[in-house]
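S.K.: From first to last, the protein sequence lines stand for chains A and B.
So in the working numbering, spot 390 of the first sequence is number 390, and the numbers just go up one at a time.
If you count the second sequence from 1, you need to add 1000 to reach the working numbering.
Honestly, the hints are just simulated from the structure, not real lab data.
Even for Gly, the Cβ is constructed at its ideal location relative to N, Cα and C.
Just to be clear, a hint being listed does not mean it is correct.
Stated by the list, open to error - Covered stretches of chain A (chain B as the covering partner; in silico rule of three or more C-beta atoms under 8 Å from a C-beta of chain B):
#1 15–23
#2 41–55
#3 65–78
#4 250–259
Protein chains: 2
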Amino acid sequence: MALVVQKYGGTSVANCRRIKRVAQKVIARKEEGDDVVVVLSAMAGQTNYLLGLAMEMQAQPDKRELDVLLSTGEQVTISLFSMAVKSLGHDARSFLGYQIPVETDDSHSKARIQNIPTDKLAEAIDKGIIPVVAGFQGVTTDGDITTLGRGGSDTTAVAVAVALGADVCEIYTDVDGVYTTDPNICPSARKIERISYEEMLEMASLGAKVLEIRSVEFAMRYGMPIHVRSSFTSAPGTMVVKEDESMEDVLVSSVTYSRDEARITVKKVPDRPGIAAMIFNPISEANIIVDMIIQNTRAGDLTDMTFTVPKADFDQAMSIVEKTAQDIGAESVAGDKNIAKVSIVGVGMRNHAGIASKMFDILAKHNVNILMISTSEIKVSCIIDEKYTELAVRALHEGFGLDKKE
Amino acid sequence: MALVVQKYGGTSVANCRRIKRVAQKVIARKEEGDDVVVVLSAMAGQTNYLLGLAMEMQAQPDKRELDVLLSTGEQVTISLFSMAVKSLGHDARSFLGYQIPVETDDSHSKARIQNIPTDKLAEAIDKGIIPVVAGFQGVTTDGDITTLGRGGSDTTAVAVAVALGADVCEIYTDVDGVYTTDPNICPSARKIERISYEEMLEMASLGAKVLEIRSVEFAMRYGMPIHVRSSFTSAPGTMVVKEDESMEDVLVSSVTYSRDEARITVKKVPDRPGIAAMIFNPISEANIIVDMIIQNTRAGDLTDMTFTVPKADFDQAMSIVEKTAQDIGAESVAGDKNIAKVSIVGVGMRNHAGIASKMFDILAKHNVNILMISTSEIKVSCIIDEKYTELAVRALHEGFGLDKKE
Chain A
1 MALVVQKYGG TSVANCRRIK RVAQKVIARK EEGDDVVVVL SAMAGQTNYL LGLAMEMQAQ
61 PDKRELDVLL STGEQVTISL FSMAVKSLGH DARSFLGYQI PVETDDSHSK ARIQNIPTDK
121 LAEAIDKGII PVVAGFQGVT TDGDITTLGR GGSDTTAVAV AVALGADVCE IYTDVDGVYT
181 TDPNICPSAR KIERISYEEM LEMASLGAKV LEIRSVEFAM RYGMPIHVRS SFTSAPGTMV
241 VKEDESMEDV LVSSVTYSRD EARITVKKVP DRPGIAAMIF NPISEANIIV DMIIQNTRAG
301 DLTDMTFTVP KADFDQAMSI VEKTAQDIGA ESVAGDKNIA KVSIVGVGMR NHAGIASKMF
361 DILAKHNVNI LMISTSEIKV SCIIDEKYTE LAVRALHEGF GLDKKE
Chain B
1001 MALVVQKYGG TSVANCRRIK RVAQKVIARK EEGDDVVVVL SAMAGQTNYL LGLAMEMQAQ
1061 PDKRELDVLL STGEQVTISL FSMAVKSLGH DARSFLGYQI PVETDDSHSK ARIQNIPTDK
1121 LAEAIDKGII PVVAGFQGVT TDGDITTLGR GGSDTTAVAV AVALGADVCE IYTDVDGVYT
1181 TDPNICPSAR KIERISYEEM LEMASLGAKV LEIRSVEFAM RYGMPIHVRS SFTSAPGTMV
1241 VKEDESMEDV LVSSVTYSRD EARITVKKVP DRPGIAAMIF NPISEANIIV DMIIQNTRAG
1301 DLTDMTFTVP KADFDQAMSI VEKTAQDIGA ESVAGDKNIA KVSIVGVGMR NHAGIASKMF
1361 DILAKHNVNI LMISTSEIKV SCIIDEKYTE LAVRALHEGF GLDKKE
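Based on the provided sequences and hints, a complete structural model is requested.
M.R.: Here it is, written out as structure tokens:
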């Protein structure tokens, strides 16, 4: 008999029929002898619908009021779900953020969980009642509603699991696990059985959209196992767990890609101390996140500075950089939105040399030109022309043997 | 400078455009120098929509969970409204039931307000912030969400006005006041300028659907003036206030009607002690409300028992009564759904004889047969054939001079 926290996302509770089906799944699990705590998102589309209403009211919706508005989405699903469980002859009880309470700081729209008292949830579990917790929402010490930001329900689920000392946190979604790469562009992609928190974090930040990053950080800090699985099948999904020795045998566990970045090059910059700060300070002051940076020395005292920014911020970044280029006497600024980032991730890299070279070899063999490179302990990323994205992903997936059974 | 509580109903906040218009109205009032507290209903149709979802989940939705669900309707409007006020350069702050808190008992779906602490609302008002209160909802001492039943936002508004010691509670609706009768069937109906709580209570219970009965009772108990007016015009509406001497000059202040009842007659009942209880106990045990009761003695020890029940409960009541009639040896049971109740209301009746006779005369002159009669201190009701409803209402309205200017 285990204590399991199950989180169901928006597509799993998108309508009344699906809510009923999830209720049946939860009850089946409880009847097998496990204690289950359920965390729910809003119905798919509801958060965007409410956001649209807010934008009609105020161009930049007030963040306190926006949290009051958006938190209704989960309030609807937890009450409907509790009714569904009751109609099937079991007992359930909905819990809003303020009722547990899920205590957060007061950073509206991106609040951080600070504490979750467990007495009310534990009391319900002891009585055989299935607690149904609203994801995504919390409450400040002043009693104001907060929300945790996009994907916040994953974080709620992991935090509740940690607070209750659950055996596992199951995240149900519309895919059946974490894949070696995107099956949509690489049909030989395989579901990964076990993956480390560190690898999952790299994958999440590199563009794989299965789990919200903060939930993985939270789980890693407290060693809470996450089971990512499909709400539409009963097949096991992917376990996200602490790194163990067996994982190191696999040099590369996944290939990811992202088309969300753009590249900017400042050409022939006078190479003197402080020049990098002069270029990057105005960009960071505009809240634009710079990812990769490369500096190429040219002949004389001139250098080229190349970096990437989110595609959505490209136009703003270009106009900032063009002004800076004039100020510092650089020759010109060039921008390129048609780039992609392909990456390989694996904890096995830590103890093996030559992984990066092999990646460059594979890309070269397929005539994919590498524009920029960045590495960390457990990943290597290359910026390439966007048109080669699928080719590069497939080549790397095959080249590192990810299409073969583990 | 006055302190005003303004309540806007579902049609006044039915969409984003209307919410903005209400925000403009509220701000205009504040700029005139009054302090304004706003109480809002859910968008028109939203409560019924949510109720429909609940019924899909559970035939008899769990009442605790239903309150969690339905209370989201007002949560949406108060947050959107607060954004609208802020976008117009003023400050507003939404308050949910649990945040004030609006303390109620734990009768889910029909909770009663027990206390409303005013410190948070008063603090907002002092700072020039417009408090925007969710109508219809409260919270138990255990922190569970409750709702006050249909029309509960009116009660919230009056209770908040009483707690704050406001000068007036303004109820904005889609009609511009209380009328001498229904203008839809009697074009000469006039708007009433002032009416007593008692008359308003009789009118509300007799089918005029302008104000929720409990809100009037609440206002009467604490002497809070209610101003019923249109959210679409700035014209004054109807003041509902304590009875004063001038009101007694008006013998009849309004004519109301209702087609919501049906009549059941148990014929030739053996007339012995306890027979009424035998007929009516099973009906009240089925939660069916009996309104009028008349007993006609026949020859011998037999009597006819006639009474009215809500039309919606007619079929159930008939089958209950038919069973009882067999048990007690009555001859037969007859039912009639084609009836209407027309009533005259006025505090002036208290001190004037002959009002009821005048009503019977007017109906007789128009060949309207009276099937049943019931009276109270300030009203007389007659059950008639449904087909005569419009005729009777117009005849009484003219006969008591309500079509003439006050």
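S.K.: A separate judgement is required for each hint: does it hold in the structure or not?
M.R.: Okay, the hints, checked on the actual structure:
1. 15–23: holds (count 3)
2. 41–55: Coverage by chain B holds here, the residue count being 3 at a Cβ distance below 8 Å.
3. 65–78: holds (count 9)
4. 250–259: violated (count 0)
The structure fails to meet hint 4 from the earlier list, while all remaining hints are met.
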